[in-house]
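Student: These protein sequence lines are chains A and B, in that order.
Residues 0 to 253 (numbering that gives the first Met the number 0) are what the first sequence spells out, left to right.
Residues 0 to 272 (numbering that gives the first Met the number 0) are what the second sequence spells out, left to right.
Calculated directly from the structure, the hints in this document are not laboratory data.
Hints may be right or wrong, so weigh each one.
What the hints assert, rightly or not - With a cut-off of at most 27 Å between alpha-carbon atoms, the simulated DSS-like pairs for lysine-lysine come out as follows:
{"no.": "1", "chain 1": "A", "residue 1": "K165", "chain 2": "B", "residue 2": "K54"}
{"no.": "2", "chain 1": "B", "residue 1": "K220", "chain 2": "B", "residue 2": "K54"}
{"no.": "3", "chain 1": "A", "residue 1": "K247", "chain 2": "B", "residue 2": "K54"}
{"no.": "4", "chain 1": "B", "residue 1": "K14", "chain 2": "A", "residue 2": "K247"}
Claimed, not checked - Listed below are several chain B residues computed to face chain A (Cβ distance under 7 Å; list not exhaustive):
{"no.": "5", "residue": "R20"}
{"no.": "6", "residue": "F24"}
{"no.": "7", "residue": "A28"}
{"no.": "8", "residue": "S50"}
{"no.": "9", "residue": "L52"}
{"no.": "10", "residue": "R75"}
{"no.": "11", "residue": "A76"}
{"no.": "12", "residue": "L80"}
{"no.": "13", "residue": "G82"}
{"no.": "14", "residue": "A85"}
{"no.": "15", "residue": "D88"}
{"no.": "16", "residue": "V90"}
{"no.": "17", "residue": "L99"}
{"no.": "18", "residue": "L103"}
To be verified - Just so you have them, the derived chain B footprint on chain A, three or more residues with Cβ under 8 Å:
{"no.": "19", "region": "16–29"}
{"no.": "20", "region": "90–103"}
{"no.": "21", "region": "185–195"}
For each residue, glycine too, the CB sits at the ideal point set by N, CA and C.
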Amino acid sequence: MTAHVLGDTGVLTGRSLRHILRSPDTIVTTAITPIALMLLFVYVLGGAIETGSDQSYIDYMLPGILLITIASGIAYTAYRLFLDMQDGIFERFQSMPIARSSVLWAHVLTSLVANLVSVAIVIGVALIMGFRTGASVGAWLAVAGILILFTLALTWLAVVAGLSAKTVDGASGFSYPLIFLPFISSAFVPTESMPGPVAWFAENQPVTSIVNSIRALFAQEPVGNDIWIAVAWLVGILVVAYALAIAKYRRRIS
Amino acid sequence: MDSAIRVQGIEKSFKDLHVLRGVDFDVKAGSIFALLGSNSAGKTTLVRILSTLLKADAGTATVNGLDVAASAGEVRASISLTGQFAAVDGVLTGRENLVLIARLRHLENPGAIADELLARFSLTDAGTRRAATYSGGMRRRLDIAMSLIGDPPIIFLDEPTTGLDPQARIEVWQTIKKLADGGTTVLLTTQYLDEAEQLADRIAILHKGTIIQNGTLAELKQLLPAAEVEYVQKQPSLEDVFLALVGDTGATDTAGDASDRTADSAPAGKETR
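Just chain B, same shape as in the assembly (with noise of 0.2 Å):
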């Protein structure tokens, strides 16, 4: 199996809580694999391991065939890192803060290339304004498309909807998919289970340090007895009346931009610090 990401064995204690205790999983190149666990199961000390932020007690870890601790600086060349809080500098406008990073990564034509990713996330209106103004949802859309500058072959998406609305949410799912689809190879950890059923090729559940379960949604579904029939009336969850009552959004909503803010801006608590 030709893979993206190797992790064998890693362990992680701070003081005397051993947070990681043994992590085992391979993530095929060009795949989405969702790290499922709940909140302290340790997911985002794992992706600040494999992202180089941290280094583990015990085990390896390659990343694109490179041990993250021996190569850290290789490792960075060819991952992003979208972060459990959204990485956008508040103080510049949405194309400054693109315009940096395709700097820092030492790209020719910044300007061309943060133009071409504002229209692709449909942020160009928003483009000349503050991050610090975005709703959540838009603030995430410009987290994601600063961690595609570069195209990096893997990207680790950490929590990428905690605190989103729905449709913003669905928004960034797209934008995930379409990632997968241009071969990119993504890691993605989330607590939201049908995060990972939407999205994910694989999902392993990270649990009190270990991972207890590796496979297909089809695979996990085995693991309980075969399905039995049953009746159950249909009705609609919440969220199909909101959609519904909202209209249903793709991932253009520029005109709507001003008034999208006003909606998300309740919901984005754990998005503005």
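So that you can see chain A by itself, here it is in the shape it has in the complex (with noise of 0.2 Å):
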């Protein structure tokens, strides 16, 4: 049977990708609320804010950006995951003889695409915006890492809130603490400007060594230790919401 994960995993995905393309709505509003606050940010107020650097303030301020776009669309993933287990179809698949993980990893797959396109939209309109970097292809690929990281982190966390909620509601409103997250970080606002308890929070979350991460190589510039924070953080987060994840569905399941 487990040599099937992969075969299954592959035919439920494709399953799920068919609901976003006939409905990317969820794609399109994941992306708008982001492209709003961008919007936001550049033209009203970003002119009063000393970011210390030279750098343009879109440039500044899109690697979190980024991450909201992430935070608010694996909001989708909960509620996708949620909706899929109370309908029939879930029941027959469990009864099937299929492996029964691919039905979890299918949906971690198709968060990871759909919110792959949300960023690119967003990087797309940024560029409309002026964003503009000089990175290499090496550079690019890292950002892309980090995103694809820390994607699958919170993914494996709206798994846990999609196989615990009770209601809807409680199925996605799990992430608003995660949009609000990179407010309160170096990602549109030195950290230096803030009172000291806040300042403190604000360097040590995982938000602002990812944000400075991506910064940086956008910047071209040297990474620093950052990056090896963001990602001890991105995997410690993966491996803890992985693991809980699993025991709540082998629970939910048996």
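Take the two lone chains, each set in its own frame, and fit them into one complex as the hints suggest.
Tutor: Put into structure tokens, the structure is as follows:
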């Protein structure tokens, strides 16, 4: 049976991607809020913000916007998983001789694809708004790697939420704090401008190291230690969320 | 006796609620076995245990000679479950639903299998439409068609006609009879007495978590005093009138699918979720 894990996951991923293709509004709505925030920060608030760097403000804040995009996108992952599990077809899958974990993996891969499409849309709009980078192919790949890792870590958190939720609102509501987290980080303003305890929190929460790494990669500056702190955070979250999700899933289906 | 399903002393509780309190029965291979019971009698719980979705607290159950707890994976390869709520993917078309299941069962030529089943269940014209647009009866036909993919020797049907109109019900009955004629073992649950009477080779009555009677229709009828001859004026039942007015139905109503839909949509309430 395990020999079929990849094939079954592929077939089921095809199914949920088809769902998204037939209602692409989830990808678009995922991109709308970050784009609105981007417009607000660049054209309204940004003029008054001292970043202390000579970057244009859109270059400065795009990494944070990308993280917000993903954080709001995974709300749909939890939502889709929750609805799928309510559906009769989920029971059919469970009563069929298919690799059981493939049902979860299909949702995870679908989440990855959907979020990367949303991120691409947001980057496209940023380019129109004047975002520029001289980043090399290697730097772009590193940015993509960080964003993929970020999406996977948050997606497994979303799986935990989708499996635990009792209502649709509960399934997607968990993402609000995640969307808020970039605001208390170096994403929009330098952390030095914040009062002591807030600055301490901002400097030590995962978003700051992730944002600093992506910002440095785009600006062709050395990433320093930030990238290792970022990767450590992301791998840590990924491992814990994955373990929780699998344990939750086992209990749910047995 | 050649048992396709053997249930011995199955018990299941949800917290303080004892749903099943020791259920025993055998189902002969190739027969239709009806589990009759009112709502909350434990029928669905039992079907979920037999189809490996739920673990029993006590007792043993074998399906196709395999223990449902110890060899769940192998059991899944020999069964199909058609649950109480039509297990079709509403976003996908009818054909895509069938292809999906054929691919998950790792069969050759999923497209050809899908087309064959669409034809067999009079869904060819509707095959390219999303399943969400189907009437209750069409959705149930698609549901059963999906369960037949891979020719599992044993099929569980949990209240297959609940929420269907009389015509759709008769279609489902015909399908089930054909299945059994082809050698498939069918375990069906129902709360409709006439459904059990129409279809089943044996009927077991599940009441308050145990089987209180199990036998053929003739055997069950003998439990009551011998028939008395009474003069009863033969009136057509409302169902007779309804069927006569709307025209009798065979399984072949493809041409009528569009009008069928509007007629079906009202009573299909329990289907749509």
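Student: Under 7 Å, Cβ to Cβ, is where S50(B) needs to be relative to chain A, so tell me if that hint holds or is violated.
Tutor: Interface hint status for S50(B): holds (4 Å vs cutoff 7 Å).
Student: Does the nearest C-beta of chain A fall within a distance shorter than 7 Å of the C-beta of R20(B)?
Tutor: With a minimum Cβ separation of about 22 Å from chain A (threshold 7 Å), the hint on R20(B) is violated.
Student: Can you verify the interface hint for L80(B): is its Cβ closer than 7 Å to any Cβ in chain A?
Tutor: Hint holds; L80(B) Cβ to chain A Cβ min 4 Å, cut 7 Å.
Student: Does the closest beta carbon of chain A sit nearer than 7 Å to the beta carbon of D88(B)?
Tutor: holds, 5 Å
Student: Quick one, are K14(B) and K247(A) close enough, alpha carbons at most 27 Å?
Tutor: Roughly 19 Å between the alpha carbons, so the hint for K14(B) and K247(A) holds.
Student: Does A85(B) pass the interface check with chain A, least Cβ-Cβ distance below 7 Å?
Tutor: Status holds, d = 6 Å.
Student: Regarding the hint that L52(B) lies at the interface with chain A, is the smallest CB-CB distance below 7 Å?
Tutor: holds, 6 Å
Student: Do at least three Cβ atoms from the region 185–195 of chain A come closer than 8 Å to Cβ atoms of chain B?
Tutor: violated (count 0)
Student: Taking 27 Å as the top limit, are the C-alpha atoms of K247(A) and K54(B) close enough?
Tutor: holds, 16 Å
Student: Is the interface hint satisfied for A76(B)? The criterion is a beta-carbon contact with chain A at less than 7 Å.
Tutor: This hint holds: A76(B) lies near chain A, its Cβ roughly 4 Å from the closest one there, short of 7 Å.
Student: Using Cβ atoms only, decide whether G82(B) comes closer than 7 Å to chain A, and label the hint accordingly.
Tutor: Cβ of G82(B) sits 5 Å from chain A, so the hint holds.
Student: Minimum Cβ distance from L99(B) to chain A below 7 Å?
Tutor: Since the shortest Cβ distance to chain A is 6 Å, the answer is holds.
When the structure is compared with the earlier hints, violations turn up for hints 2, 5, 6, 7 and 21 and for no others.
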